[in-house]
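Below, each chain spelled out in residue letters.
Protein chains: 4
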Amino acid sequence: MNIIAISGSLRKDSFNTALLRALPALAPEGMTITIADISALPLFNQESEAAFPATAQALKDAIEAADGVIIATPEYNRSIPGVLKNAIDWASRPWGQNSFAGKPVLLMGVSVGKLGTAVAQSHLRQILNYLDTQLVGQPELYLGPAQELFDGAGSLTDEATKASLAKALEVLAARVA
Amino acid sequence: MNIIAISGSLRKDSFNTALLRALPALAPEGMTITIADISALPLFNQESEAAFPATAQALKDAIEAADGVIIATPEYNRSIPGVLKNAIDWASRPWGQNSFAGKPVLLMGVSVGKLGTAVAQSHLRQILNYLDTQLVGQPELYLGPAQELFDGAGSLTDEATKASLAKALEVLAARVA
Amino acid sequence: MNIIAISGSLRKDSFNTALLRALPALAPEGMTITIADISALPLFNQESEAAFPATAQALKDAIEAADGVIIATPEYNRSIPGVLKNAIDWASRPWGQNSFAGKPVLLMGVSVGKLGTAVAQSHLRQILNYLDTQLVGQPELYLGPAQELFDGAGSLTDEATKASLAKALEVLAARVA
Amino acid sequence: MNIIAISGSLRKDSFNTALLRALPALAPEGMTITIADISALPLFNQESEAAFPATAQALKDAIEAADGVIIATPEYNRSIPGVLKNAIDWASRPWGQNSFAGKPVLLMGVSVGKLGTAVAQSHLRQILNYLDTQLVGQPELYLGPAQELFDGAGSLTDEATKASLAKALEVLAARVA
Numbered sequence: 035m036n037i038i039a040i041s042g043s044l045r046k047d048s049f050n051t052a053l054l055r056a057l058p059a060l061a062p063e064g065m066t067i068t069i070a071d072i073s074a075l076p077l078f079n080q081e082s083e084a085a086f087p088a089t090a091q092a093l094k095d096a097i098e099a100a101d102g103v104i105i106a107t108p109e110y111n112r113s114i115p116g117v118l119k120n121a122i123d124w125a126s127r128p129w130g131q132n133s134f135a136g137k138p139v140l141l142m143g144v145s146v147g148k149l150g151t152a153v154a155q156s157h158l159r160q161i162l163n164y165l166d167t168q169l170v171g172q173p174e175l176y177l178g179p180a181q182e183l184f185d186g187a188g189s190l191t192d193e194a195t196k197a198s199l200a201k202a203l204e205v206l207a208a209r210v211a
Numbered sequence: 035m036n037i038i039a040i041s042g043s044l045r046k047d048s049f050n051t052a053l054l055r056a057l058p059a060l061a062p063e064g065m066t067i068t069i070a071d072i073s074a075l076p077l078f079n080q081e082s083e084a085a086f087p088a089t090a091q092a093l094k095d096a097i098e099a100a101d102g103v104i105i106a107t108p109e110y111n112r113s114i115p116g117v118l119k120n121a122i123d124w125a126s127r128p129w130g131q132n133s134f135a136g137k138p139v140l141l142m143g144v145s146v147g148k149l150g151t152a153v154a155q156s157h158l159r160q161i162l163n164y165l166d167t168q169l170v171g172q173p174e175l176y177l178g179p180a181q182e183l184f185d186g187a188g189s190l191t192d193e194a195t196k197a198s199l200a201k202a203l204e205v206l207a208a209r210v211a
Numbered sequence: 035m036n037i038i039a040i041s042g043s044l045r046k047d048s049f050n051t052a053l054l055r056a057l058p059a060l061a062p063e064g065m066t067i068t069i070a071d072i073s074a075l076p077l078f079n080q081e082s083e084a085a086f087p088a089t090a091q092a093l094k095d096a097i098e099a100a101d102g103v104i105i106a107t108p109e110y111n112r113s114i115p116g117v118l119k120n121a122i123d124w125a126s127r128p129w130g131q132n133s134f135a136g137k138p139v140l141l142m143g144v145s146v147g148k149l150g151t152a153v154a155q156s157h158l159r160q161i162l163n164y165l166d167t168q169l170v171g172q173p174e175l176y177l178g179p180a181q182e183l184f185d186g187a188g189s190l191t192d193e194a195t196k197a198s199l200a201k202a203l204e205v206l207a208a209r210v211a
Numbered sequence: 035m036n037i038i039a040i041s042g043s044l045r046k047d048s049f050n051t052a053l054l055r056a057l058p059a060l061a062p063e064g065m066t067i068t069i070a071d072i073s074a075l076p077l078f079n080q081e082s083e084a085a086f087p088a089t090a091q092a093l094k095d096a097i098e099a100a101d102g103v104i105i106a107t108p109e110y111n112r113s114i115p116g117v118l119k120n121a122i123d124w125a126s127r128p129w130g131q132n133s134f135a136g137k138p139v140l141l142m143g144v145s146v147g148k149l150g151t152a153v154a155q156s157h158l159r160q161i162l163n164y165l166d167t168q169l170v171g172q173p174e175l176y177l178g179p180a181q182e183l184f185d186g187a188g189s190l191t192d193e194a195t196k197a198s199l200a201k202a203l204e205v206l207a208a209r210v211a
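The listed protein sequences correspond, in order, to chains Y, X, V and U.
Letter by letter, the first sequence follows residues 35 to 211 of this note's numbering.
Letter by letter, the second sequence follows residues 35 to 211 of this note's numbering.
Letter by letter, the third sequence follows residues 35 to 211 of this note's numbering.
Letter by letter, the fourth sequence follows residues 35 to 211 of this note's numbering.
To be clear, the hints were calculated from the coordinates, so they are not data collected in a lab.
Warning: the hint list may mix true and false statements.
Given that identical chains are not distinguished, each listed pair holds provided it fits within a single copy or across any two copies.
What the hints assert, rightly or not - Calculated cross-link-like contacts (lysine-lysine; reagent style BS3-like; alpha-carbon spacing at most 30 Å): (1) LYS46 - LYS201; (2) LYS94 - LYS148; (3) LYS94 - LYS46; (4) LYS201 - LYS94; (5) LYS46 - LYS196; (6) LYS201 - LYS148; (7) LYS148 - LYS46; (8) LYS196 - LYS148.
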């Protein structure tokens, strides 16, 4: 079971990317999780579709080859980052070739505040429902405050969060199977 | 009265950019409308804030110098384009220096389908309310189908749409005054 | 295959209720569709849960006994009607006894305007994803203008709409099976 | 300065209603705050508009007579309660007689969980922007956990919350003036 994971933050020390890095150790047997790189994508421009950018095609190929998708996102201005939406826009194109179609998807997010990216994820749910994914509704993962969950090296140390993540990965696995 | 206009599409022949180009001829006396360029912005990365990119700073300066803002957006995957959100994310940063604060804002969008970007604008309304703008609620401008409103050269020719836009610009002007 | 259908409008001549009435004739073999009555529900009050109202319990029982759910909703003030949300609130309670959990759900809506209830359905998608349903993402059914789809007796006469609905019912049936 | 306040919960011991009861003691001089009763409204049915229900007309009259509106809402199923939406639907009707038009509106919500009704308020912001209100964007009031803010008698005792509310009421007052 091959899962692709996408972080909505490009920051090297991003808590959301750190969250994704913690997942393989918590995953059920047989699940491999690979983090995609969305930092080199150009800004989406429909004119560029004729010669589809290699970085965008690589993202599409990785999603299509995967059995499921995990997205961990920060919340910027009560929505998802433009960076993440830009990646989704590329992966949904060209018309009729939406790479997310039919994929089981699990969402999560961690923030330094108490909302845990809940509002951002509400936008993301609408987008991914439109993209015809099999979107996990429960459990929701609105995690934080981030600074209490990770150690100084960016390793997830909070046991309750680990248990929540392990359980959520089992739900995702059941959707894939 | 100096208005900055932002298009959510980078496509040269974008209907939404064409919509913005039609506005000066419909604007009330004393209103000038300048279209911002968001195509050269890097993907937002919080690490880059220390040396704030010149293109992002130029966008912030233009918004702060303006008396009001107009955004015309396409709808991608039932939300706003990543490209537009990326521009908004830059303009809202660094923390405590949100360039949109207090600005009157008018939204519009045109699509080839019948929804006229209504769902995308619903996300944009949440984002801009968070950014503490004075957001025009009525009239809503869900325009289209695009191919019936513009001629082959990209000029807005539909008289009813022109009248709607002129009226909306007056509402914006009243918010600025 | 037993489907329960809920209309977001209480109006006797509601186009959305008329849409639901048109479905049995378009349904795949073996699918029966029964319209629920939500007009007699009290306004939700958590204090009333101890003695759960009979009308609310009947709605819960009907949803739980069904293999899938169809909701047809008008759009009121860019969201779903309070009447429909009130029915959903009852069916989701008491805590831990959400009657929608795991159910395949198909959404549709018809309006006299061109938006076809798209914005209302975007709220409904968030709500139903939270309620852990298996929510059909595609096709979307944003139908209208209503007055061109039905005859004076409230019968659906538009052939393209009938074909769209028949196809959507097959997608729902595949989720149930 | 006459403010009408609406609670999204009908429960007698509702934390959100308790929040509204705490406001007069925190309000700037000259601001009076009256809590509306929405518990006796019928479920909205467009057929009933011809003989507009007295309870609904009373709500409309109270909103129209007010200089501003405060809404405190719980979150049910990641949206606002049906009960609150039903009240808004009545107040927005009949067509062309939206009682909220132009009113300054302040939102708040308290929950036992950590989200503080943020997702519910995101729906409410879309609805109220459509209804052409002057919606306060900042500060946002996502309050909780409720059980730590109130004493056993339902009195707000948390000093930080009181200070936040007092500041928000000043922002509302500035919009009214």
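Going down the list of hints, with the structure as the test:
1. LYS46 - LYS201: Only inside one copy: LYS46 and LYS201 sit 27 Å apart there, 37 Å across copies, limit 30 Å.
2. LYS94 - LYS148: between (33 Å within a copy, 28 Å between copies)
3. LYS94 - LYS46: both (23 Å within a copy, 25 Å between copies)
4. LYS201 - LYS94: both (28 Å within a copy, 28 Å between copies)
5. LYS46 - LYS196: within (22 Å within a copy, 39 Å between copies)
6. LYS201 - LYS148: Intra 22 Å, inter 21 Å, cutoff 30 Å: intra and inter.
7. LYS148 - LYS46: Result: close both inside a copy and across copies, 22 Å intra and 28 Å inter.
8. LYS196 - LYS148: both (18 Å within a copy, 19 Å between copies)
Every hint, counting from the list given before, is met by this structure.
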